[in-house]
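Chemist: The chain contents come next:
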Amino acid sequence: MISKNDVEYVAALARIHLQGDEVSRLTHDLEQILEYINKLNTLDVSKIEPTSHVLPLKNVHRADKVRPSLTQQEALKISVQQQDGFFKVPKVIE
Amino acid sequence: MNTDTKIFCGCANKFGEAPNSLTCPVCLGLPGSLPVVNERALEYAVKVGLALNCTVNPFVKFDRKNYFYPDCPKAYQISQYDLPICRNGYVTIEETGGPKIIRINRAHLEEDAGKLIHDDAHNCSLVDYNRTGTPLMEIVSEPDIRSAQEAYDYLQTLKLTLKYLNVSDCDMEKGSLRCDANVSIRRKGDKKFGIKTEIKNMNSFKAVKAGLEHEIQRHRTVIALGQTITQETRLWDEARGVTVPMRSKEEAHDYRYFPEPDLVPFVLEESAIESIRRSLPELPAQKHQRLMDQYQLSDYDAGILVQDPDLAGFFEECTRHYKDTKKICNWIIGPLLKELNERKVAMAGIRLKPQDLTALMVKVDEAVLSNLAGKNVLQFIIDTGKSVDTIIEEKGLAQVSDDGTLEQLVREVITEHANIADQIRGGKESAIGFLVGQAMRKTRGKANPKKIGEIIKKALTP
Chain A
1 MISKNDVEYV AALARIHLQG DEVSRLTHDL EQILEYINKL NTLDVSKIEP
51 TSHVLPLKNV HRADKVRPSL TQQEALKISV QQQDGFFKVP KVIE
Chain B
1 MNTDTKIFCG CANKFGEAPN SLTCPVCLGL PGSLPVVNER ALEYAVKVGL
51 ALNCTVNPFV KFDRKNYFYP DCPKAYQISQ YDLPICRNGY VTIEETGGPK
101 IIRINRAHLE EDAGKLIHDD AHNCSLVDYN RTGTPLMEIV SEPDIRSAQE
151 AYDYLQTLKL TLKYLNVSDC DMEKGSLRCD ANVSIRRKGD KKFGIKTEIK
201 NMNSFKAVKA GLEHEIQRHR TVIALGQTIT QETRLWDEAR GVTVPMRSKE
251 EAHDYRYFPE PDLVPFVLEE SAIESIRRSL PELPAQKHQR LMDQYQLSDY
301 DAGILVQDPD LAGFFEECTR HYKDTKKICN WIIGPLLKEL NERKVAMAGI
351 RLKPQDLTAL MVKVDEAVLS NLAGKNVLQF IIDTGKSVDT IIEEKGLAQV
401 SDDGTLEQLV REVITEHANI ADQIRGGKES AIGFLVGQAM RKTRGKANPK
451 KIGEIIKKAL TP
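Protein chains in written order, with this note's numbering: chain A, 1 to 94; chain B, 1 to 462.
The reader is advised that the hints may include incorrect statements.
[Unchecked claim] Only pairs whose alpha carbons sit at most 27 Å apart, straight line, appear in this in silico DSS-like list of lysine-lysine: (1) B:Lys-200 / A:Lys-65; (2) A:Lys-77 / B:Lys-451; (3) A:Lys-65 / A:Lys-47; (4) B:Lys-74 / A:Lys-58; (5) B:Lys-353 / B:Lys-323; (6) A:Lys-88 / B:Lys-65; (7) A:Lys-88 / B:Lys-14; (8) A:Lys-91 / B:Lys-200; (9) A:Lys-65 / B:Lys-174; (10) B:Lys-327 / B:Lys-451; (11) B:Lys-338 / B:Lys-442; (12) B:Lys-327 / B:Lys-353; (13) A:Lys-91 / B:Lys-174; (14) A:Lys-77 / B:Lys-115; (15) B:Lys-451 / A:Lys-91; (16) A:Lys-65 / B:Lys-100; (17) B:Lys-188 / B:Lys-163; (18) B:Lys-115 / A:Lys-65; (19) B:Lys-395 / B:Lys-428; (20) A:Lys-88 / B:Lys-200; (21) A:Lys-88 / B:Lys-115; (22) B:Lys-159 / B:Lys-100.
Read the hints as simulated data drawn from the structure, not as lab findings.
Full structure from sequences and hints, please.
Modeler: Structural data, given as structure tokens:
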């Protein structure tokens with residue numbers, strides 16, 4: 001059972017701001033989605049390996065070889081604010 | 001880890017560069033970029049696992065750990081959740097009561113976050129993403145550690161092992177070795193652990209010991225007062241010598257892990273794991289035992305040599321040029337270590353060839369140099385890289401054993417310290433050492449102290 005609290009909690013974790021009737025609407029939607037997905041629980045999967053990836057690929061890696069990075073200027077171009085070569089963000093306290 | 005590049009992109013893995021000069025779309029988490037695993041990071045993780053006596057999981061997958069914080073540009077960290085690459089290992093530490101086993105629960109591979117600097121003056125935080133994506137291993141021990149000292153010893157043992165594997169420089173000041181510790185206490189005989197607190201921000205080995213000692217004491221006090229410990233994360237405040245609660249968001253521990261869709265799994269063949277096992281270097285405990293067996297060194301001496309693999313290597317190289325292994329060891333853990341400590345460097349940080357030390361020892365054996373002058377010469381060799389012979393000649397350090405010169409020297413010392421000389425004449429032979437010291441001082445260590453002593457004795461006693 002999905003409660004309004006669950007939706008509000010997940011929304012807060014995902015930094016999604018919900019307004020008006022969105023909470024009750026999403027509670028209903030999420031409930032239906034979970035119900036649908038729960039059908040999988042009726043299947044016997046005890047002999048099936050968990051799927052951790054859908055592509056039939058494995059062991060894709062690269063050699064430990066340095067490639068050029070962006071310059072500081074290029075990297076900081078996407079910043080909203082910068083200072084002394086750093087990305088500048090609202091103060092966060094640990 | 002000291003790989004050349006980051007774990008999921010080709011940016012250089014380097015400390016101390018200009019901020020945000022080592023980034024790319026992958027480690028900045030830009031849309032459309034995709035991570036590709038650095039094969040060496042994977043190999044290093046297997047090495048660590050094997051060295052810590054772990055079972056290496058042949059099926060390697062990564063997971064997303066979701067959180068919002070400016071040090072993490074993707075808003076998730078690629079880590080490992082339910083299938084860590086290494087499980088069920090142990091580390092043996094040496095305690096006064098004998099060896100003790102600290103079990104390792106798991107060790108997994110993940111990417112490091114960026115570095116945050118808090119700028120109070122401008123009420124903002126500054127972010128450097130150079131460190132973002134540095135390959136990191138998180139090693140989690142079982143609750144087997146019973147004191148701050150054991151925690152310290154465990155960390156030292158871990159650090160030494162990692163240094164031998166050459167997978168990290170393990171420099172706590174650079175942040176390449178970090179440690180969070182859980183602390184709880186319980187009544188004697190209790191089976192269940194007490195409520196725990198997690199301590200962060202212990203940025204040196206000394207801080208780990210001091211921080212944990214403080215926290216254990218704090219738990220004792222709280223419980224003695226009949227209160228309960230709050231389960232929380234606390235920060236070690238080095239300057240004040242206390243731990244303080246960390247301010248954090250309440251949902252901080254809900255990371256909503258799920259399998260990382262951008263990385264396909266790895267399957268490590270048994271043969272690949274075995275080939276890494278065969279490539280493991282001799283580890284500290286093995287070297288320790290071998291140095292004792294092969295060179296008849298004491299437990300203590302061997303223990304000092306293994307602290308720096310280069311120092312142990314230097315010792316072994318010296319034994320090829322000089323017979324008395326105990327004497328070589330004494331020179332290394334005495335004068336040589338003193339020189340290293342004064343320079344605050346490891347063996348790799350100086351230019352001293354094994355033959356330099358053994359040649360020097362031969363000069364002392366032949367009484368060309370006094371012990372003291374020998375130590376000075378060692379210092380000059382390290383400073384200049386010149387040979388023993390060159391330095392003896394340039395500095396005029398050859399020991400003076402010539403009778404005439406020494407007798408003249410003794411006469412001077414006796415005149416200058418007439419009262420001491422009188423005491424010796426009066427039978428106080430223990431004062432001879434003082435005059436020998438004075439003679440050595442006048443010659444800056446060049447006189448042969450044994451001969452000086454004999455001459456003084458002859459001159460002042462019947």
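Chemist: Each hint: holds or not?
Modeler: Here's how the hints hold up against the structure:
1. B:Lys-200 / A:Lys-65: Roughly 34 Å separates the two Cα atoms, so the pair is violated.
2. A:Lys-77 / B:Lys-451: violated, 77 Å
3. A:Lys-65 / A:Lys-47: violated, 41 Å
4. B:Lys-74 / A:Lys-58: holds, 24 Å
5. B:Lys-353 / B:Lys-323: holds, 17 Å
6. A:Lys-88 / B:Lys-65: holds, 24 Å
7. A:Lys-88 / B:Lys-14: holds, 22 Å
8. A:Lys-91 / B:Lys-200: Given that 27 Å is the threshold and the Cα spacing comes to 20 Å, the pair holds.
9. A:Lys-65 / B:Lys-174: At roughly 23 Å apart (the allowed maximum being 27 Å), B:Lys-174 and A:Lys-65 satisfy the hint.
10. B:Lys-327 / B:Lys-451: holds, 23 Å
11. B:Lys-338 / B:Lys-442: OK: B:Lys-338 and B:Lys-442 at ~24 Å, within 27 Å.
12. B:Lys-327 / B:Lys-353: Distance of about 17 Å is within 27 Å: holds.
13. A:Lys-91 / B:Lys-174: holds, 23 Å
14. A:Lys-77 / B:Lys-115: holds, 19 Å
15. B:Lys-451 / A:Lys-91: violated, 73 Å
16. A:Lys-65 / B:Lys-100: violated, 40 Å
17. B:Lys-188 / B:Lys-163: violated, 37 Å
18. B:Lys-115 / A:Lys-65: Since the Cα atoms of B:Lys-115 and A:Lys-65 sit roughly 24 Å apart, the hinted pair holds (cutoff 27 Å).
19. B:Lys-395 / B:Lys-428: Roughly 36 Å between the alpha carbons, so the hint for B:Lys-395 and B:Lys-428 is violated.
20. A:Lys-88 / B:Lys-200: holds, 25 Å
21. A:Lys-88 / B:Lys-115: holds, 12 Å
22. B:Lys-159 / B:Lys-100: This hinted pair holds, its Cα atoms lying about 17 Å apart.
Checked against the numbered hints given earlier, the structure breaks hints 1, 2, 3, 15, 16, 17 and 19 and satisfies all the rest.
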